[in-house]
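Colleague: Below, each chain spelled out in residue letters.
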Amino acid sequence: MEFKRPTALLDACTHYCGGCGHGIVHRLVAEVIDELGIRQRTIGTAPVGCAVLLYDYFNCDIIECAHGRPPAVATGMKRVLPDRIIFTYQGDGDLAAIGTSETIHAANRGENITTIFINNAIYGMTGGQMAPTTMIGQRTTTTQDGRDITSEGPPIKVCELLSSLDGVAYLQRVAVSTAKDVIKAKKAIKKAFVNQIEGRGYSLVEVLSMCPTDWKLTPKQAVDFVNNEMKKVFPLGVYKDKK
Amino acid sequence: MEFKRPTALLDACTHYCGGCGHGIVHRLVAEVIDELGIRQRTIGTAPVGCAVLLYDYFNCDIIECAHGRPPAVATGMKRVLPDRIIFTYQGDGDLAAIGTSETIHAANRGENITTIFINNAIYGMTGGQMAPTTMIGQRTTTTQDGRDITSEGPPIKVCELLSSLDGVAYLQRVAVSTAKDVIKAKKAIKKAFVNQIEGRGYSLVEVLSMCPTDWKLTPKQAVDFVNNEMKKVFPLGVYKDKK
Amino acid sequence: MSSQGKILLKGNEVMSEAAIQAGCRFFAGYPITPQNEVPEYMSKRMPQVGGTFIQAESEIAAINMIFGASAAGARCMTSSSSPGISLKQEGISYIAAAQLPCVIANMQRGGPGLGNIRASQADYFQAVKGGGHGDYRLIVFAPSTLPELYKLTMNAFDYADYYRNPVMILGDGILGQMAEPVEILPYEPIVELPEKDFVLDGCKGRKPRVLKTLFLRPSMALVRHNDLLQASYKKITAELKLHEETETDDAELVIAAYGITARIAKGAVKIARQNGMKVGLIRPITLWPFPDEPFKRAARTADRFLVVEMSGGQFIEDVKLASECKKPVEFLGSGGGWYPTPDNIFEKIQTIYETEALVD
Amino acid sequence: MSSQGKILLKGNEVMSEAAIQAGCRFFAGYPITPQNEVPEYMSKRMPQVGGTFIQAESEIAAINMIFGASAAGARCMTSSSSPGISLKQEGISYIAAAQLPCVIANMQRGGPGLGNIRASQADYFQAVKGGGHGDYRLIVFAPSTLPELYKLTMNAFDYADYYRNPVMILGDGILGQMAEPVEILPYEPIVELPEKDFVLDGCKGRKPRVLKTLFLRPSMALVRHNDLLQASYKKITAELKLHEETETDDAELVIAAYGITARIAKGAVKIARQNGMKVGLIRPITLWPFPDEPFKRAARTADRFLVVEMSGGQFIEDVKLASECKKPVEFLGSGGGWYPTPDNIFEKIQTIYETEALVD
Amino acid sequence: MANIEIDKERCKGCCLCVSECPRGNIRMSELLNSSGHTCAEIIELSECNACALCCQICPDLAIRIHASDETPPGPLIRIQETGVSKQPSGDRKQETPIGGQE
Amino acid sequence: MANIEIDKERCKGCCLCVSECPRGNIRMSELLNSSGHTCAEIIELSECNACALCCQICPDLAIRIHASDETPPGPLIRIQETGVSKQPSGDRKQETPIGGQE
Amino acid sequence: MTDHETKIIIAGFGGQGVVVAGNIIARACVIEGKNVTGMVSYGAEMRGGTANATVVISDREIAGPFVERPDIAIIMNQPSLDKFEDMIVSRGLAVLNTSLVDRNVQRRDLDVAEIEASRIAHRLGNVRVANIVAIGAFAARTNLLEMSSLARGIEDLFKSKKAALVDINKEALRQGAQMMARFKE
Amino acid sequence: MTDHETKIIIAGFGGQGVVVAGNIIARACVIEGKNVTGMVSYGAEMRGGTANATVVISDREIAGPFVERPDIAIIMNQPSLDKFEDMIVSRGLAVLNTSLVDRNVQRRDLDVAEIEASRIAHRLGNVRVANIVAIGAFAARTNLLEMSSLARGIEDLFKSKKAALVDINKEALRQGAQMMARFKE
Ligand SMILES: Cc1ncc(C[n+]2csc(CCOP(=O)(O)OP(=O)(O)O)c2C)c(N)n1
Ligand SMILES: Cc1ncc(C[n+]2csc(CCOP(=O)(O)OP(=O)(O)O)c2C)c(N)n1
Ligand code: SF4
Ligand code: SF4
Ligand code: SF4
Ligand code: SF4
Ligand code: SF4
Ligand code: SF4
Ligand SMILES: [Mg+2]
Ligand SMILES: [Mg+2]
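Chains as they are written, first to last, in my numbering: chain A, 1 to 243; chain B, 1001 to 1243; chain C, 2001 to 2360; chain D, 3001 to 3360; chain E, 4001 to 4102; chain F, 5001 to 5102; chain G, 6001 to 6185; chain H, 7001 to 7185.
It should be emphasised that the hints constitute simulated quantities derived from the structure, not laboratory data. This structure is a prediction, so every number in the text was calculated from the model and none was measured. The reader is advised that the hints may include incorrect statements.
What the hints assert, rightly or not - Between beta-carbon pairs, the in silico distance windows are: (1) K2044/C x K4/A: 45 to 51 angstroms; (2) G4024/E x D6111/G: 36 to 42 angstroms; (3) E3324/D x E2293/C: 53 to 59 angstroms; (4) Q1144/B x D3250/D: 50 to 56 angstroms; (5) P235/A x K1231/B: 31 to 37 angstroms.
Yeah, the Cβ is synthetic: ideal placement off N, Cα and C, and Gly gets one too.
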């Protein structure tokens, strides 16, 4: 057994808080890029969100996009360079709030890209406001008494939402809150990249991820929150796998 | 038997082309408003699209909105005036292209409003470009060889898409391409307004509607297109009815 | 709380509380640094006063919710920072065209693009000339202290209603983030408020109303509507110009600065005066309408202007126009999060004095 | 086709074909009148030349697709009209900040708000001062005939690449909708094109590249990036000002107008000259950088300027600044779809002659 | 005999009512109204059963059925006879006036 | 004995590895690294079965397992001993630095 | 008003082919090497109502594409007559599609060419070529453009998309011109 | 540099409570009727790294909230010392949390107050009150603010949300001050 830093990841210390899920997912994406040998033809998009500094960590070309627009930017890139591998890495605010429209239409067009979607039920970077995926009753800085279904509506379930779109190739929801989940998550991410290599169209992996800081929990509590609360509302599994 | 112009409709000749479905739907909405006795507390939103002149026809307060934004505008109005009846009337470009995000989020918040969604598979007002709901193979001015699934993706099915959102109260797809369909459509529209009166949340009625002009068909052919082609791709029926 | 009834608040909170005090009962916004305290504060306060807070799905949704809420008769507000304000431009043009009152705050940050989160004044043109399409104008307030932010925010709601015109609070990251003691004074309308006869609330007891910005027929309908808007802008221009002058009477060099920069420039004026230099300051409080008279006046008495702004040079154009290019205008500024200090403004003043014989 | 190889095309088609000829291989747009012929034409032509046409789901998606396509190395373009251009402001600020070349066309229509679909020039400020956030500049071309539209569109791609700066074609509904005979000349680069060393196409054989507009660390990083942008703007300003002058040599009255309005004003100059009045015309071809020298020159020789624009008065500010407020500036204009004719410009000239003794 | 009436000034000649009438009791007339549309007309008033299906489909509210005790409204405005025969005006926009759009 | 190693300068003290180790073989040390984080440490190298579950969960790639023939990289940079005891730094942001956000 | 410019307006219902008519006239100008600009005046109209196309022809540079006061108006229906009669310049020409116009021109200072364009088109088997009949009449009356140029304009326009329509349109042109010529005799 | 202004910077890791410390100092100023502006310098830092809060205190109008050259620097960790040592004005004061600083101040022109703030806080049972210990030390050393005002500042800040924290914070303040006083003796 050997375990080391993938070459697709630069040897840098991240700016993420202790216990943040972003770091885990970064590694998984990098490992997949390594394993598929595509680092030199991969272009990633950085979102606006805690992962905005993605470009400081990934050892491949990166374009940083306006908030919510990575699917549109990726569309532009992929159409110009159809043989390159384009992935977007987006938070729940980025993908499911301001970028809802871009997400749905890129997905429906079946753009041959891969989307890694970090659902941490919060706006991490801006300091903990409600995200579209915030859970009912969850306290955030803009839902200080907990998200209320009557005024804010229920959390949006992205895999379920996208699954009705005929253009979408692959949807899976995973988590990174246990080592086992992490191993499964990697498989899903790999599949989402392989799909692109094989030209199957839009693939998205939703990752339930911890934000201890803005949840105001310790990393351990945050892991428990994912395992005990989030997985209930956001069931893990494959939501679409078009052959 | 008696059949006359509803009071919620002004005695004006519309600007719509001969055989256009908008006229039929206008009448149905107006009849429902009459029957529910809510004309004096109803506020409609006019979209940007062929129905932009809605305000010349409806005998109630109307606000004309930016393209795609009626759900946001209606949200603002309804929150300020919760006891008024707010409806949006939107085309497929308005609701399912530029306004995708506003639609999904108003629906998911469960805003207590009523949306009448005219799916005519085309951008009517701008002269016949592809809409999100344009059918595969359908020729438009921007898909001159027919919509191609590989580059444009398949048509978006709005009822199916929204049905995964827990916040949505009621979704039904109807048509106005036969007299029978028209009668059914009215029932659905009525229900969508009654839901609002009873505070059930977001209700949307999708209406398959004719655009003979931009389809470059006669009105008769247009009706056939709805009946023979569109209904296949967009099956009529109730997609959600939350009790 | 101090004995003077002052409490320590951040600028963003000061502005939010002022809005609540002024009767703002609808707020829609989307998070963006450095104005996050605004939606956060509103999310807490609005329910307490029976108002509505919505965290919109985007800045575009937020501004269009404001369009609806204003049409429904509520005093309403949205706030954001630079990139978010860019997204609101279409909506702002619609609101201005429909002559709907509302308050929009821009706590400017470094740009262009994603930029950074330091304060900036590089959205001046966007605010003052109009970043949206068409000939419209926003009333633009540029407060430079928190007590003034408190007062102008209240006034903003009044002027918005009075002129049926959106009002922008053009702040910046510093103003929003700094904390100062502020007295929470009760709200008093600053003008007599007209009846809101445009409100859409159902046509009970009256004819149906239409709120629209489309003017198709006859072909000159939109020209006429523009004439109406221009007439309103003329009235505002005649009535609402606000500014503050510091030691301009005998000034050889007049600094022009607004907002937080003006406050810092005041410090520089002090230093200069201590050093025997006749330096003054004109601080526009309204950026539109632009207070041109003091500049015209100063152009007669002073030898030179020095514009200080946290941008690559935008406000400078209005200073030149207002002073009719009568006197040379020096510039100290940069975009991207550069802040002046009294010291480096004073340095610039010294350079000017050294290289130019000011009194000839 | 005529013997001279000219074909009759609408302005929108002329611009589209010019783009194709210049090697534009990616177009994303969203329908809006009066520029619909552009996406329509592109949807047909792009597949023929192996390029990509995408009807985006919105103007915002379109401008961000351009961001991606340009980063991927394609010559690319988007077009829209006023409200749609307002929606693109955030994206434009990002593209400018990232120094990505691309061409953006605005076929202006009546505003503000939904307005109407008549032509207008009321997005001048937005185009020239920057409707988005931050200190950025677009190179802005204002063609006044279809042959010029053809040529400038080609040039736009070259200058965009040369300066790594987005270029805006600021047209209007008339220019887009009118049809004229145009010769489809082959493309020739107008400048030597630099290698695109910023392109993201995978890091094979080189270090990974990052394209970003965020500059957080160190705290002055964004200031430095702004300095870089300003240096580029300075270079463009020094090199690229374009204008056309008509009978200004002995003119007492100099008309300033751009785009289609300038063309109409030329008709008025002719009439005036026939009537013995010494009237000339300065027509900026680049609106940014603004050709100030001819105005400075004219301010020395002429007595007065007359600005004609299809807006409530925007371009007039640059005319004043360029001429350093040295001579009175009269104004003829209105927003909302008002069109001048040679006759009513001439009427205005007559009024000026009557009420003012031009030569004193 | 049903109290049915087609307002020829409102009719846009789309023909939808024609195919919808279960009795085949509507046809397109030879008339153009003042807006240039050919108009629908009831073939035989007495044949109509007032089922109102034609009214349901008519996009222009051009067909009215009055309660039997009600008198129909005033006469139509102006119908102009031409030699131009039945021409469903749905066609008439095949050529879209450029720019006449939002 | 597994060739496992925790890079204390990379560790952010989140403790996730502690609960993930099936052998209970990781604990939080009394050390703060130069960024102020308390660090995880392997209790007993010989107890480790190289299952790498700790590596899987570690958000900071602070845990490495080397092929047995490989030598581990150079020494850690600087660990500073303080009297401050084990303090999961996930807590440390309870108070969010205002403005330090996009 | 600028000298040497001829300003033409073609007005009718949307769908009467006024845009096509303007297009063919403009193409003929290109063929003859004349300066020309064409434009659809889309101010007030959306769907329905009148549509109109304008063409400005000149041997010199053309100032603007607008036609506020046409020299020649080809009037395809009654509302267009109502709208444009007053705007035509004194001594200008009005070509009237009398099939769809039910009153005479009121002004005395106009040259009026009446032609039953719709009826002729109807007889030709397609009422939609009334526009071309009217162009034929206009051409015969003014001699501004060669019939052959207009015929080539028709060919150019239709050959790509609707080649089938070339013949009937050419015949419509011929008949319109002939009819005018007959009146002249 | 503007006279009569005292400029303070509090710098440490995110999470060391530098913002709270600044807030309490500013509150004490308000209580004493002094002019004050507080600010978080959020320039370069996002998550992690150093965070710092600045406070400007004056009897007159305050020009700006920036502190480029602090009169007083409360340094909570090593990186902050590295970063800010050079910026402090000559004859300024550096309050050092020696628990997390492992070198001496290099400059000779500074007044240095050393306090093992983190260790004291740790002993008090919550390492996170190190910030308040440091404030106590600062207050005792400068006499710029009354201890009672600071104590009231603590009450005001915590009473609404975290009343439980009032006591331990007050105790931290007291011990910080006491420690300083002891050194003084
Ligand atoms: C147009 C625009 N709006 C808002 C912002 C501010 N902003 C930055 S990140 C962010 C949300 C981040 O949340 P998410 O996408 O969930 O990512 P996370 O930080 O949670 O990983 C927002 C609203 C912005 N930069 N641009
Ligand atoms: C921001 C903006 N983008 C584009 C347009 C142009 N536009 C007007 S209507 C329309 C689409 C209309 O299509 P749809 O919503 O399907 O309505 P329909 O006309 O088919 O009823 C578009 C794109 C606009 N007015 N504003
Ligand atoms: S704020 Fe949340 S999402 Fe962002 S780095 Fe910290 S833990 Fe991760
Ligand atoms: S274009 Fe289509 S949708 Fe619009 S009015 Fe005509 S038929 Fe109706
Ligand atoms: S009411 Fe019924 S029977 Fe009578 S005309 Fe209409 S469809 Fe025919
Ligand atoms: S359905 Fe109505 S508009 Fe159509 S032909 Fe019949 S009566 Fe006329
Ligand atoms: S590799 Fe397995 S056994 Fe070894 S420390 Fe990690 S989790 Fe424990
Ligand atoms: S999981 Fe990694 S970062 Fe967290 S405590 Fe363990 S080694 Fe440190
Ligand atoms: Mg998130
Ligand atoms: Mg449609």
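Colleague: Run every hint past the structure and note whether it holds.
Modeller: Verification of the hints:
no. : hint                                  : in the structure
1   : K2044/C x K4/A: 45 to 51 angstroms    : holds (48 angstroms)
2   : G4024/E x D6111/G: 36 to 42 angstroms : violated (50 angstroms)
3   : E3324/D x E2293/C: 53 to 59 angstroms : violated (20 angstroms)
4   : Q1144/B x D3250/D: 50 to 56 angstroms : holds (54 angstroms)
5   : P235/A x K1231/B: 31 to 37 angstroms  : holds (34 angstroms)
Comparing the model with each earlier hint shows violations of hints 2, 3; every other hint is respected.
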